[in-house]
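Asker: Here are the chains, one letter per residue:
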Amino acid sequence: TQLLEQSPQFLSIQEGENLTVYCNSSSVFSSLQWYRQEPGEGPVLLVTVVTGGEVKKLKRLTFQFGDARKDSSLHITAAQPGDTGLYLCAGDPQGAQKLVFGQGTRLTINP
Amino acid sequence: SQTIHQWPATLVQPVGSPLSLECTVEGTSNPNLYWYRQAAGRGLQLLFYSVGIGQISSEVPQNLSASRPQDRQFILSSKKLLLSDSGFYLCAWSPGGGREAFFGQGTRLTVV
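Those sequence lines, one after another, are chains A and B. Numbering-wise, our numbering comes out as the position in the first sequence, counting from 1, plus 1262. Numbering-wise, our numbering comes out as the position in the second sequence, counting from 1, plus 511.
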């Protein structure tokens, strides 16, 4: 069973549009992270959210941690072709020292 | 600064042959260490993680094993590879506590 459910798994939109990617679980996490991965490389950390309800912004990207610390979202405003890639959410379940990942969202931004 | 090295980058092995992938971390002590496998364009499946020397937790029953002989060394092994072991293997480390992982460049394993 997948501890973190990520949706959508594939998303293709036009440049300039907005989008939101979701990461959901029935479990509580001490923190959730978002990573971006390019083909043939390891994922690179974008952000970590720790506090329930926390919102972090990274240029045109907005990350939110759910109040109950079970879910997170990534919102991109005015998407650009350079945003194309695989976005992964990950989290450390409360009480555990492991890090589990969602299935990923393959994002394509068309010029 | 901390760095992580994983090798080899690519590997083609026949079915039934052994496997040894090595990962080392520099610039930190007592890290959490992880091995993941990734199917093409998909998420990461946690295979093993370790919170200290000789401490290995297995997430998925399979044909693989892991060892941590030194604080900053993590090894993924198999005695006899299967076709289904093909994939992209990633090693990662995180500070104690399990968050904010930093990844190696990965090993593309093809079992033929």
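What the hints contain is simulated information worked out from the structure, not anything from laboratory work. A few of these clues could be false.
Covered stretches of chain A, as calculated for chain B (at least 3 residues, CB under 8 Å) [said to hold, decoys possible]:
1) 1282-1295
2) 1299-1309
3) 1354-1365
In this text the structure is predicted, and so the values were computed from the model without any measurement. The beta-carbon is built from N, C-alpha and C at its ideal position, and this holds for glycine as well.
Asker: Within the stretch 1299-1309 of chain A, is the number of residues with a Cβ closer than 8 Å to a Cβ of chain B three or more?
Answerer: Three-residue rule met by the stretch 1299-1309 of chain A, so holds; n is 6.
Asker: Taking a Cβ-Cβ distance under 8 Å as contact, does the stretch 1282-1295 of chain A have three or more residues in contact with chain B?
Answerer: holds (count 3)
Asker: Just to make sure I understand the rule, a stretch counts as covered if three or more of its residues have a C-beta closer than 8 Å to a C-beta of the chain. Does the stretch 1354-1365 of chain A meet that for chain B?
Answerer: holds (count 9)
Hint violations for this structure: none, all hints satisfied.
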